[in-house]
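Enquirer: In the order they appear, the protein sequences are chains A and B. Quick note on numbering: the first sequence equals residues 1118 to 1231 in this note's numbering. Quick note on numbering: the second sequence equals residues 1013 to 1123 in this note's numbering.
These are calculated hints, taken from the structure and not from any lab test. Treat each hint with caution, since some may be false.
One side of the interface only, derived from the structure: several residues of chain A facing chain B at Cβ under 8 Å [to be verified]:
id, residue
1, S1172
2, G1189
3, F1208
4, F1222
5, G1223
What follows is a set of in silico ranges between Cβ atoms, one per label pair, in the way DEER data are often shown [to be verified]:
id, chain 1, residue 1, chain 2, residue 2, range
6, B, E1027, A, Q1134, 43 to 53 Å
7, B, A1029, A, E1185, 40 to 50 Å
8, B, E1057, A, T1124, 11 to 21 Å
9, B, N1019, A, P1224, 24 to 34 Å
10, A, S1183, B, S1064, 33 to 43 Å
11, A, T1193, B, E1057, 18 to 28 Å
12, A, P1224, B, E1015, 21 to 31 Å
13, A, Q1134, B, G1066, 49 to 59 Å
14, B, G1066, A, E1135, 46 to 56 Å
Even glycine gets a Cβ: it sits at the ideal position worked out from N, Cα and C.
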Amino acid sequence: EPEVTQTPSHQVTQMGQEVILRCVPISNHLYFYWYRQILGQKVEFLVSFYNNEISEKSEIFDDQFSVERPDGSNFTLKIRSTKLEDSAMYFCASTLQGVVYEQYFGPGTRLTVT
Amino acid sequence: QKEVEQNSGPLSVPEGAIASLNCTYSDRVSQSFFWYRQYSGKSPELIMSIYSNGDKEDGRFTAQLNKASQYVSLLIRDSQPSDSATYLCAVPLRGAQKLVFGQGTRLTINP
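Chain A on its own, in the form it takes in the complex (with noise of 0.2 Å):
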C-alpha cells in the first residue's frame, strides 16, 4: 500500500541553524501539506501546496520557513534560522484531490532544537 515518507525520522540542531526536512508524498497526489505537533499538543496546520505553490500557510508559516518540490517526488520543508520552539513534531501529508479528501500522514520527523 502506498505510503508518505518522511527523513530523517529525529533531527537534533542548535538554534540558529538550517534544517530541511524532507518528505516523499504518495506517488499519485497532488496536493501536500505539513503539519506541527508540539508535544502535548494538538497537531497544528503550516502549509499547503498545489501545483507548485503555496495555496495556504498558517501565522506560524513566517518568513524562517519554505517549502519546495525541487522534483516530482520530494517536497522539502526548510526552516531557515532555528529556534526552540521549533522543537516538534513535523508531518508531511498529501491528498489525491484536495482538502476535503482523505489526507494520509508521513510517520514524522522529530525535530529538536538546542
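We have chain A already, so just place chain B on it with the hints.
Expert: Chain B only, in chain A's frame:
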C-alpha cells in the same frame, strides 16, 4: 467557540465494550469529516472518513454524522487493548486548504 472541539478525556472503557468518541465543529457548511488514531509518539493514522449524514461502518468502527447539530462521533465496538490511543477529529473548514484538528480524546481500553 473552538473550530473543532473534543473532550480530551481520558476515556476509560473495559475490553469488549463500546467506546464512544464525540466531536463538534463550528463551520456548519463543512463537507467532510475525518477520524484519525494517534499512538503515542506516532503520526495520525486515518481510520474513518464521512461525508453525509447518518452512519458509516467499517469493521468495528462506526462514524456518525449529524450536520444539523454539527456533531460527528466515532463508535468502536468490541474494544481491544490495541485501540488504546488518542483519537483525533479533523475537519476542513469552508474555503480553507487545511485540516483543523481537535485536541484529541485519549482512550484507554482496560483488559
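Enquirer: All hints are to be evaluated individually against the structure, with a verdict given for each.
Expert: Quick rundown of the hints versus the structure:
With 8 Å as the threshold, the beta carbon of S1172 of chain A comes within range of chain B, its nearest partner Cβ sitting at about 5 Å, so the hint holds. Restraint check, G1189 of chain A versus chain B: the minimum CB separation of about 21 Å is more than 8 Å; hint violated. Taking 8 Å as the C-beta contact cut-off toward chain B, the hint placing F1208 of chain A at the interface holds, the least distance being around 5 Å. For the restraint placing F1222 of chain A at the interface with chain B, the shortest Cβ-Cβ distance is roughly 5 Å, inside the 8 Å limit, so the hint holds.
Against a cut-off of 8 Å between C-beta atoms, the interface hint on G1223 of chain A holds, since the closest Cβ of chain B lies about 6 Å away. As the Cβ distance of E1027 of chain B to Q1134 of chain A is approximately 47 Å, the hint placing it in 43 to 53 Å holds. Checked against the hint of 40 to 50 Å, the pair A1029 of chain B and E1185 of chain A passes, with Cβ atoms roughly 48 Å apart. Evaluation of the 11 to 21 Å hint for E1057 of chain B and T1124 of chain A yields a pass: the beta carbon distance comes to about 19 Å.
A hinted range of 24 to 34 Å for the beta carbons of N1019 of chain B and P1224 of chain A is consistent with their spacing of about 27 Å. Taken as a hint, the range 33 to 43 Å holds for the pair S1183 of chain A and S1064 of chain B, whose Cβ atoms sit roughly 38 Å apart. Take T1193 of chain A and E1057 of chain B: their Cβ atoms lie about 23 Å apart, and the range 18 to 28 Å holds. At about 26 Å, the CB distance of P1224 of chain A to E1015 of chain B agrees with the hint of 21 to 31 Å.
Distance hint check for Q1134 of chain A and G1066 of chain B: the Cβ-Cβ separation is about 51 Å, which falls inside the suggested range of 49 to 59 Å. For G1066 of chain B and E1135 of chain A, the Cβ-Cβ distance of about 49 Å falls inside the hinted range of 46 to 56 Å, so the restraint holds.
The structure fails hint 2 only (numbered hints given earlier).
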